[in-house]
Amino acid sequence: MLLRQSEVEQRYRLSNTTLHRWLKDGKMNDHRTVGGHRRYDSAEIEQLLSVSDGVTVTEKDVALYARVSTQKQVENLTRQHEWLTEVCGERGYRIVLDCSEIASGLNDNRRQFFKIIDAACKGEVKKVVVEHRDRLTRFGFRTIEQFFKGVGCAVEVLEQAEEKGEHEELV
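For the sequence shown, the working numbering gives the first residue as 148, with consecutive numbering after it.
As a list, the in silico BS3-like pairs of lysine-lysine whose alpha-carbon atoms are at most 27 Å apart:
#, residue 1, residue 2
1, K296, K273
2, K174, K273
3, K262, K219
4, K171, K269
5, K296, K207
6, K207, K262
7, K269, K207
8, K207, K274
9, K296, K262
10, K296, K274
11, K273, K207
12, K262, K274
13, K262, K273
14, K296, K269
15, K269, K174
In case anyone wonders, no lab produced these hints; they're calculated from the structure.
The whole structure should be built from the sequences, with the hints applied where relevant.
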């Protein structure tokens, strides 16, 4: 995907100076529009970032996310986390981000969840692993799943419960 300079800055936190240095050093190429504006290939940038970090992101790089709603459920949080870790080990996944939190699924200010979103946007993880879909969000799971898919990250739900409609969820 070709990106504008501002999109590169926002998505990868790279300055214009860094991009021009990489161009000058021959590490990457820019693409010009008909009007002469530069565009940068996101795949090239991600490749350079993974090389400069010394770590290559693979399809096996995952983020774990465990969540419970109240402090009273902390034992369930521990159990969730242990089970997620065990399953990921069995499947050969490399856990690069491990997030657990006590917060409502309706809360739109969950720090650990935002860490996962940031990591997915930066291309640091290729999959988010959760026990149940309602661990990510109580409502709008498909929207969250589509967002992750859009940034090149899949969501793997280990326990597939019978799907309820939006109306049934509310009742």
